[in-house]
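With the sequences and hints as input, model every part of the structure.
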Amino acid sequence: MTLLDFINRLLGRQKPSGTLARQRLQLVLAHDRSDLNPELLEQMRREILEVVQRYVEIDLESCDVSLETEDRVTALLANLPIKRTREVPLPRSEESAAEGGADAPSPQAEADEAAGGGASERHGEGEEAPAPTSVPAESPPQS
Amino acid sequence: MDAVTSAPARTILICSGKGGVGKTTLTANLGIALAKLGQSVAVLDADFGLRNLDLLLGLENRIVYTAQEVLAESCRLDQALVKHKQEPNLSLLPAGNPRMLEWLTPEDMQKIVGMLAERFDYVLIDAPAGVEQGFKNAAAAAGEAIVVTNPEVSAVRDADRVIGLLNSMGVTPVQLILNRVRPKMMASQEMLSVDEVSDLLALPLLGLVVEDEQVIVSTNRGEPLTLNNANSPAGRGYSNIARRLGGEAVPLIDPSKERQGLRSRLMNKIRKTTGLF
Numbered sequence: 176m177t178l179l180d181f182i183n184r185l186l187g188r189q190k191p192s193g194t195l196a197r198q199r200l201q202l203v204l205a206h207d208r209s210d211l212n213p214e215l216l217e218q219m220r221r222e223i224l225e226v227v228q229r230y231v232e233i234d235l236e237s238c239d240v241s242l243e244t245e246d247r248v249t250a251l252l253a254n255l256p257i258k259r260t261r262e263v264p265l266p267r268s269e270e271s272a273a274e275g276g277a278d279a280p281s282p283q284a285e286a287d288e289a290a291g292g293g294a295s296e297r298h299g300e301g302e303e304a305p306a307p308t309s310v311p312a313e314s315p316p317q318s
Numbered sequence: 193m194d195a196v197t198s199a200p201a202r203t204i205l206i207c208s209g210k211g212g213v214g215k216t217t218l219t220a221n222l223g224i225a226l227a228k229l230g231q232s233v234a235v236l237d238a239d240f241g242l243r244n245l246d247l248l249l250g251l252e253n254r255i256v257y258t259a260q261e262v263l264a265e266s267c268r269l270d271q272a273l274v275k276h277k278q279e280p281n282l283s284l285l286p287a288g289n290p291r292m293l294e295w296l297t298p299e300d301m302q303k304i305v306g307m308l309a310e311r312f313d314y315v316l317i318d319a320p321a322g323v324e325q326g327f328k329n330a331a332a333a334a335g336e337a338i339v340v341t342n343p344e345v346s347a348v349r350d351a352d353r354v355i356g357l358l359n360s361m362g363v364t365p366v367q368l369i370l371n372r373v374r375p376k377m378m379a380s381q382e383m384l385s386v387d388e389v390s391d392l393l394a395l396p397l398l399g400l401v402v403e404d405e406q407v408i409v410s411t412n413r414g415e416p417l418t419l420n421n422a423n424s425p426a427g428r429g430y431s432n433i434a435r436r437l438g439g440e441a442v443p444l445i446d447p448s449k450e451r452q453g454l455r456s457r458l459m460n461k462i463r464k465t466t467g468l469f
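Chains as they are written, first to last, in this note's numbering: chain A, 176 to 318; chain Y, 193 to 469.
Hints are computed from structural coordinates only; laboratory data are not their basis. Misleading hints may appear alongside valid ones.
When the alpha-carbon atoms are kept at most 27 Å apart in a straight line, the in silico DSS-like pairs for lysine-lysine are as follows [as the list claims (entries may be wrong)]:
# : chain 1 : residue 1 : chain 2 : residue 2
1 : Y       : Lys210    : Y       : Lys376
2 : Y       : Lys328    : Y       : Lys303
3 : Y       : Lys303    : A       : Lys190
4 : Y       : Lys376    : Y       : Lys303
5 : Y       : Lys461    : Y       : Lys328
6 : Y       : Lys376    : A       : Lys190
To list a few chain A residues with every Cβ distance to chain Y over 10 Å, as calculated [claimed, not checked]:
#  : residue
7  : Val203
8  : Asp207
9  : Gln218
10 : Arg220
11 : Glu222
12 : Val231
13 : Leu265
For glycine and all other residues, C-beta sits at the position ideal for the given N, C-alpha and C.
This is the structure in structure tokens:
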């Protein structure tokens with residue numbers, strides 16, 4: 176037991192184990208019920224972040240995407256603190272545009288790039304890129 | 193002789209997912225308690241792999257035929273049913289050989305339960321633990337279900353899996369029984385509370401049964417608590433559940449809100465503030 180734990184206990188601030196059990200069960204039941212495996216969940220999380228980042232700058236450190244369940248209804252909760260909004264949305268990432276949106280089978284790498292190199296992505300020649308809204312299978316935005 | 197009833201029988205699956213939470217003990221006690229209320233009850237041991245219902249009811253020496261012979265039509269149903277001596281409203285249909293698991297189908301279970309439903313008010317089906325075929329066979333034959341769980345993380349998680357399966361199979365209503373409750377631990381919040389478990393599982397609570405040493409004594413004797421010791425703490429819980437099943441409004445107690453004695457409250461306070469013991 177660390178000193179901090181001990182002080183917390185002295186002050187009666189330690190959570191009773193029953194509360195801990197409830198919190199742990201809430202998480203694990205949400206996952207059990209959703210039947211999403213962790214890899215798929217992680218992939219979805221990255222893709223969501225990627226899309227959101229095109230419109231707003233978010234604080235990646237404190238982003239939280241998780242499943243929660245209440246009354247047998249499971250919800251995907253995303254808490255994405257916004258640093259500032261972008262005046263002009265970023266274009267979709269280069270590859271997907273170039274490949275004509277070949278529904279990116281492995282977006283992991285892209286997502287990491289988008290996360291790290293948000294600024295470098297901006298070399299979209301500054302054209303007042305109209306937000307590529309839907310998924311145009313054959314319309315690369317660079318004219 | 194068993195009364196031939198006009199109202200359709202209630203066929204109730206008693207299941208839990210996790211083993212050892214008290215399914216079979218509940219089936220035995222609930223069967224006796226319902227029989228004492230004047231209902232005709234059949235208890236069916238659907239745990240073919242690890243049968244024990246006969247032992248808890250004290251009927252293990254009186255088995256001649258089992259569900260297996262009934263299905264094979266090598267005996268009549270009433271030849272296989274074992275009537276309880278002290279409580280003749282209750283009969284047991286014993287589980288057959290474990291090898292039955294290899295060929296038993298959901299249709300077989302529906303056939304057996306259908307036969308029982310023709311001549312009893314209640315058919316209680318003691319399901320095997322787990323979520324595999326044995327459980328699914330038993331669930332296929334049930335009109336409603338009782339999920340038994342303990343206020344522990346693993347039991348609650350397994351119960352949730354079972355509830356999901358019951359929902360997908362269309363078994364309804366599904367009600368919850370919280371078994372082996374320790375009031376003192378609940379009062380000090382060192383155990384999941386009754387409300388927490390029923391909220392997590394999103395099921396209506398049919399009743400709760402406190403942890404009680406007398407359960408072990410009664411299983412040693414092969415006499416369910418509701419038979420001769422219905423006033424023991426767990427016996428009262430089982431009896432109340434039987435009455436609620438029949439539609440009677442029996443109030444639930446919340447053990448976490450039960451007033452503790454001065455001494456234990458003081459000790460709890462000391463324990464919580466110091467964390468020393």
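Compare the distance between the alpha carbons of lysine 303 of chain Y and lysine 190 of chain A with 27 Å, and conclude whether the hinted pair is satisfied. 51 Å, violated
Would the pair lysine 210 of chain Y and lysine 376 of chain Y pass a check requiring their Cα atoms to be no farther apart than 27 Å? 24 Å, holds
Measuring Cβ to Cβ, find out whether arginine 220 of chain A lies farther than 10 Å from everything in chain Y. Holds, because the least Cβ-Cβ distance between arginine 220 of chain A and chain Y comes to about 24 Å, which exceeds 10 Å.
Say whether it holds or is violated: aspartate 207 of chain A keeps its Cβ farther than 10 Å from all Cβ of chain Y. 6 Å, violated
Minimum C-beta separation from leucine 265 of chain A to chain Y exceeding 10 Å: can you confirm that? Given a closest Cβ separation of 41 Å, the condition holds.
Please confirm whether valine 231 of chain A is truly not at the interface, meaning its C-beta sits more than 10 Å away from all C-beta atoms of chain Y. For valine 231 of chain A, whose nearest Cβ neighbour in chain Y is about 35 Å away, the distance exceeds 10 Å, so it holds.
Least C-beta distance from glutamate 222 of chain A to chain Y larger than 10 Å: Correct as stated: the minimum Cβ-Cβ distance to chain Y is 27 Å, above 10 Å.
Below or equal to 27 Å on CA atoms is what counts here, so check lysine 461 of chain Y against lysine 328 of chain Y. Between lysine 461 of chain Y and lysine 328 of chain Y the Cα gap is close to 47 Å, so the pair fails against 27 Å, i.e. violated.
Given pair status - lysine 190 of chain A, lysine 376 of chain Y, alpha carbons within 27 Å: 17 Å, holds
At 10 Å, judged by beta carbons, does valine 203 of chain A keep clear of chain Y as stated? 6 Å, violated
A cut-off of 10 Å on Cβ-Cβ distance, and glutamine 218 of chain A was said to be off the interface with chain Y. Does that hold? 24 Å, holds
Given the hinted pair lysine 328 of chain Y and lysine 303 of chain Y, is their alpha-carbon gap at most 27 Å? 15 Å, holds
When held up to the earlier numbered hints, the structure conflicts with 3, 4, 5, 7 and 8 and fits the remainder.
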